[in-house]
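Chains Z and G, in that order, are what the protein sequence lines are.
Using the working numbering, read the first sequence as starting at 820 and increasing by one per residue.
Using the working numbering, read the second sequence as starting at 7 and increasing by one per residue.
Any given hint could be a false lead.
Just a few of them, taken from the derived set where beta-carbon distance is under 8 Å, the chain Z residues facing chain G [stated by the list, open to error]:
no.: 1; residue: G822
no.: 2; residue: Y852
no.: 3; residue: P858
no.: 4; residue: E859
no.: 5; residue: L862
no.: 6; residue: F864
no.: 7; residue: Y867
no.: 8; residue: E923
no.: 9; residue: G929
Straight-line distance between alpha carbons at most 20 Å, and here's what the computed EDC-like set of lysine to aspartate or glutamate pairs gives [unchecked claim]:
no.: 10; chain 1: G; residue 1: K28; chain 2: Z; residue 2: D875
no.: 11; chain 1: Z; residue 1: K846; chain 2: Z; residue 2: E923
no.: 12; chain 1: Z; residue 1: K890; chain 2: Z; residue 2: D875
no.: 13; chain 1: G; residue 1: K115; chain 2: Z; residue 2: D905
no.: 14; chain 1: Z; residue 1: K890; chain 2: Z; residue 2: E871
no.: 15; chain 1: Z; residue 1: K870; chain 2: Z; residue 2: E923
no.: 16; chain 1: G; residue 1: K64; chain 2: G; residue 2: D91
no.: 17; chain 1: G; residue 1: K118; chain 2: Z; residue 2: E859
no.: 18; chain 1: G; residue 1: K115; chain 2: Z; residue 2: E859
no.: 19; chain 1: G; residue 1: K83; chain 2: G; residue 2: E14
no.: 20; chain 1: G; residue 1: K28; chain 2: Z; residue 2: E859
no.: 21; chain 1: G; residue 1: K115; chain 2: Z; residue 2: E871
no.: 22; chain 1: G; residue 1: K28; chain 2: G; residue 2: E14
no.: 23; chain 1: G; residue 1: K28; chain 2: G; residue 2: E72
no.: 24; chain 1: Z; residue 1: K863; chain 2: Z; residue 2: D875
no.: 25; chain 1: G; residue 1: K83; chain 2: G; residue 2: E70
no.: 26; chain 1: G; residue 1: K55; chain 2: Z; residue 2: D875
no.: 27; chain 1: G; residue 1: K75; chain 2: G; residue 2: D60
no.: 28; chain 1: G; residue 1: K118; chain 2: Z; residue 2: E860
no.: 29; chain 1: G; residue 1: K64; chain 2: Z; residue 2: E923
no.: 30; chain 1: Z; residue 1: K863; chain 2: G; residue 2: D15
If you're looking for bench data, these hints aren't it; they were derived computationally from the structure.
Just so we're clear, the structure is a prediction, and the values are computed from it rather than from any experiment.
Every residue, glycine too, gets a C-beta built ideally from N, C-alpha and C.
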Amino acid sequence: NAGVMQNPRHLVRRRGQEARLRCSPMKGHSHVYWYRQLPEEGLKFMVYLQKENIIDESGMPKERFSAEFPKEGPSILRIQQVVRGDSAAYFCASSPVLTLENTEAFFGQGTRLTVV
Amino acid sequence: AQSVAQPEDQVNVAEGNPLTVKCTYSVSGNPYLFWYVQYPNRGLQFLLKYITGDNLVKGSYGFEAEFNKSQTSFHLKKPSALVSDSALYFCAVSPAYSGAGSYQLTFGKGTKLSVIP
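Bound-form chain Z, shown alone (with noise of 0.2 Å):
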């Protein structure tokens, strides 16, 4: 029974070049949800997903961040013509249900971007 995975693990990239992270929630879980870590910080909510529905999506930067929770594949997010601040560790958690009164949120081992 696989965990949340996310791929890659690293990524670099060069100021103006778009970023892609995936993200496969796991098994049976419908729910996927995004995070940020800057350096120094703790973890900062993103976007929640389910299957083709974006529900919330108030902590993702105005511009240049979308995200995706297709019907088929994994969760993608997208960071179009990054600059060196957007570099981060991207997490990705997913769970079975909405609340979490009943579960928790598995996180994957997170996607390390440097933007150079």
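Since the structure of chain Z is provided, determine the placement of chain G on it from the hints.
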């Protein structure tokens, strides 16, 4: 908006001694509180959570945490530390209301625990 403070960047403790990792929180209404641990090159692993009921919560690997509403704290404790407990520990909070908001975790900056042999 909710927030979490972990006042210590690093905690050092000798193997066999009790350990405490501190966490205080701020949230509107009642909180859901969580502890996660991150080992090197690994994802965050769930340790324990407080939802309601008994203020003392027991979790994985012998860890426990006590919810103190008056002090808005949720300190992580273990009676006897192991070298293998050395890792990065994150406290997180979510507001306890039903509906769309209860999934959104707010994390502290993390506390690095080093258990010295």
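Comparing the hints with the structure gives:
no.	hint	result
1	G822	7 Å, holds
2	Y852	7 Å, holds
3	P858	10 Å, violated
4	E859	7 Å, holds
5	L862	4 Å, holds
6	F864	5 Å, holds
7	Y867	6 Å, holds
8	E923	5 Å, holds
9	G929	6 Å, holds
10	G:K28 / Z:D875	30 Å, violated
11	Z:K846 / Z:E923	15 Å, holds
12	Z:K890 / Z:D875	18 Å, holds
13	G:K115 / Z:D905	18 Å, holds
14	Z:K890 / Z:E871	6 Å, holds
15	Z:K870 / Z:E923	19 Å, holds
16	G:K64 / G:D91	16 Å, holds
17	G:K118 / Z:E859	12 Å, holds
18	G:K115 / Z:E859	7 Å, holds
19	G:K83 / G:E14	14 Å, holds
20	G:K28 / Z:E859	17 Å, holds
21	G:K115 / Z:E871	32 Å, violated
22	G:K28 / G:E14	7 Å, holds
23	G:K28 / G:E72	10 Å, holds
24	Z:K863 / Z:D875	14 Å, holds
25	G:K83 / G:E70	5 Å, holds
26	G:K55 / Z:D875	23 Å, violated
27	G:K75 / G:D60	12 Å, holds
28	G:K118 / Z:E860	13 Å, holds
29	G:K64 / Z:E923	15 Å, holds
30	Z:K863 / G:D15	18 Å, holds
Hint compliance for this structure: hints 3, 10, 21 and 26 are broken, all remaining hints hold.
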